[in-house]
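Protein chains: 2
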Amino acid sequence: MIAEKMKPLVANNSAVREMFEEGARLKGIYGDENVYDFSLGNPNVAPPQAIMNAIIDILNEEPANRVHGYMSNAGFETTRYAVAESLNRRFGTSYTEHNIIMSVGAGSALNVILKTILNPGEEVITFAPYFLEYGGYVRNYDGELVVVPADTETFQPNLDAFEELLSEKTRAVIINTPHNPTGVIYSDETLKRLTRILLKQEAENGSPIFLISDEPYRELAYDGAVVPWVPDYYKDTIVGYSFSKSLSLPGERIGYIVIPNQVEDHENVITAATIATRVMGMVNAPSLMQLVIERCIDEKCDIAFYENNRNQLYNGLTGFGFECVKPEGAFYLWMKSPVPDEKEFVEAAKEFNILMVPGSSFACPGYVRLAYCVSFETIMSSMEGFGKLAEKYGL
Amino acid sequence: MIAEKMKPLVANNSAVREMFEEGARLKGIYGDENVYDFSLGNPNVAPPQAIMNAIIDILNEEPANRVHGYMSNAGFETTRYAVAESLNRRFGTSYTEHNIIMSVGAGSALNVILKTILNPGEEVITFAPYFLEYGGYVRNYDGELVVVPADTETFQPNLDAFEELLSEKTRAVIINTPHNPTGVIYSDETLKRLTRILLKQEAENGSPIFLISDEPYRELAYDGAVVPWVPDYYKDTIVGYSFSKSLSLPGERIGYIVIPNQVEDHENVITAATIATRVMGMVNAPSLMQLVIERCIDEKCDIAFYENNRNQLYNGLTGFGFECVKPEGAFYLWMKSPVPDEKEFVEAAKEFNILMVPGSSFACPGYVRLAYCVSFETIMSSMEGFGKLAEKYGL
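Residue numbers (numbering that gives the first Met the number 0), protein chains in the order written: chain A, 0 to 394; chain B, 0 to 394.
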């Protein structure tokens, strides 16, 4: 009785549910604290205290009909101005509120962008490993997701393979940096070469290829690593951002889209994206949270906590002989499975109450993802199990 | 550079913007208080004080990572349970949290439902006058919106014409009661006949036709009028609800979907709708607002205020000789234009600083809509102008 397009999604859903239920089952038997759940990207660092203070101040200071009322579909002008000014301070840009559309998190931002630019049958390219939801987002608009195989040396995007896959059908490219699931930050060199390749294809096609930069992890970078501002490299870049991770507000669904004036036909793109927000039924990003963002634009959650987790987990696992990509950002650690079939490895880890996500869930088998947005105790207590796993696999 | 499907939406947008800009221009010249703006459905009654109290209590009582964190894509189980129990108390139903999916307002609810059930080329029927966004929502999933012409005697749905337009292509019917823009509540008799017609066609088609009941105005009913619970009439009913009007929270984007167990293939429909919420990028309804709803489920805004406005406006306008549908619910008054071209009438009203929406914006020319979710003073002060308008048109 459901739509044909939904049927594969429903079928696939049971696999995800099984994994979740297995976790719940283990926790039921052994207790929450004795199950080491590295499977979920749900931040465990609390939002900054400034968030709660801002909510209470707004409720006390502003009229309730403004706080909870409709505004332009793009969001409050004052909030968009605050976002633009914050970007300008950090990246030396000169955006105005006109370049910003507030969104219902990064997921909606990506959907709004794709709805705005994508025609049926056009191709969107992304790089493995990747967040599998991109496939669903692209199919929402009857586009085709084309996946560039991973460069398993560096986990920077495989630009040689990318060059081969670009075509006259390419309408957009999605990148994600800092990267889920690898923790890699795309380097200056990568972005420069990516730009050269795109410019060449754009000239050949005679129509723009949009670079969609999905940046929910932008503020989560370690060892002082710099996350390049992608629109500085490539003119036709549209940025999707979320405060889910930087302010630990994933349930609130608050983020934004940046459409710089340098983007081809930017006036129409901005207008269409604003209308897409409405016609897809979101109408606008949640109003109270927009006003909170306006007051807390330069706040950050406790990133040192994640960095400490990263160090502990990375050092622990490599100490046991596991091969890991050292995360530069985000809160994921990408580890090579000691056997080619990483699902077998994921199953074996469950014997030690360790939950991880197989790389095939990111179109990159042979690896596993560990989300280290968990308590420090979880990491420390999991080490015994990882030690035994290493032993089991002869590391 | 934008998607082909977005082009007509962008072209049409300029008309809406012109109307908005004209309003802003008049307010700039004459001052806000001297422009009688009946064009916007933005509630002006404040949310109940309980909303603010609940927000502050939640922030003080619950861990911040729960308040602002991810939960199931369907929403917090506790919130969905509170919604189900409230419906059960009011309508004698026996829903559980499993039948409820929290949504990003009614707009998202409708999109999620359509995404869940609609295949390209299938038809969705609605009744003029209607909220034009329905067309955009249906086209998002490549469906065809079929519009039943108005019954201008009663503004109940024209069921004779409806019967003619049903076919083997019909997948869903959207109704809206209490109704925007007419203020009519669909009667028991209407719903009974609608059900008989639908059951007959369903049997002929051999596959379900879903009745989508869009109910953002359910709590706004006057003179003790009863708003029938549509699933009581027709088995395959899915309800989309929003707290935008009942709690004056339109900017917060919080509502829900009800998929009763009586709906054909309900398990798959519920699963698919939950997945649709995720894959369309909303992921979940805003978390803090879900918890607020849980605590404030039986609160209402000051409905007597709207009823008083309605009485004043209806009595004033009919006193001048205008022909109006007496609103039974919602906060709109539907008035016959004294000349066939209602756009001319809307223009003439602007000379008296009165702003209304032409009926053609609801696929029903010859009428105008007045949103009376304005201050009582606006209504009183507008009367002089309406008097002059009546005189001008020889009423």
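These are calculated hints, taken from the structure and not from any lab test.
Don't take every hint at face value.
25 Å max Cα-Cα, derived DSS-like pairs, lysine-lysine [said to hold, decoys possible]:
no., chain 1, residue 1, chain 2, residue 2
1, A, 387, A, 335
2, B, 387, B, 342
3, B, 6, A, 168
4, B, 335, B, 299
5, B, 234, A, 6
6, B, 325, B, 391
7, B, 335, B, 325
8, A, 299, A, 26
9, B, 335, B, 387
10, B, 325, B, 342
11, B, 168, A, 6
12, B, 299, A, 234
Incomplete in silico selection of chain A near chain B, CB under 10 Å [as the list claims (entries may be wrong)]:
no., residue
13, 55
14, 102
15, 109
16, 113
17, 115
18, 144
19, 145
20, 148
21, 150
Keep in mind that this is a model prediction, so the values were computed, not measured.
Glycine included, C-beta positions come from ideal geometry on N, C-alpha and C.
Are any of the numbered hints broken by this structure? If so, which, sorted upward? 4, 8, 12, 18, 19, 20, 21
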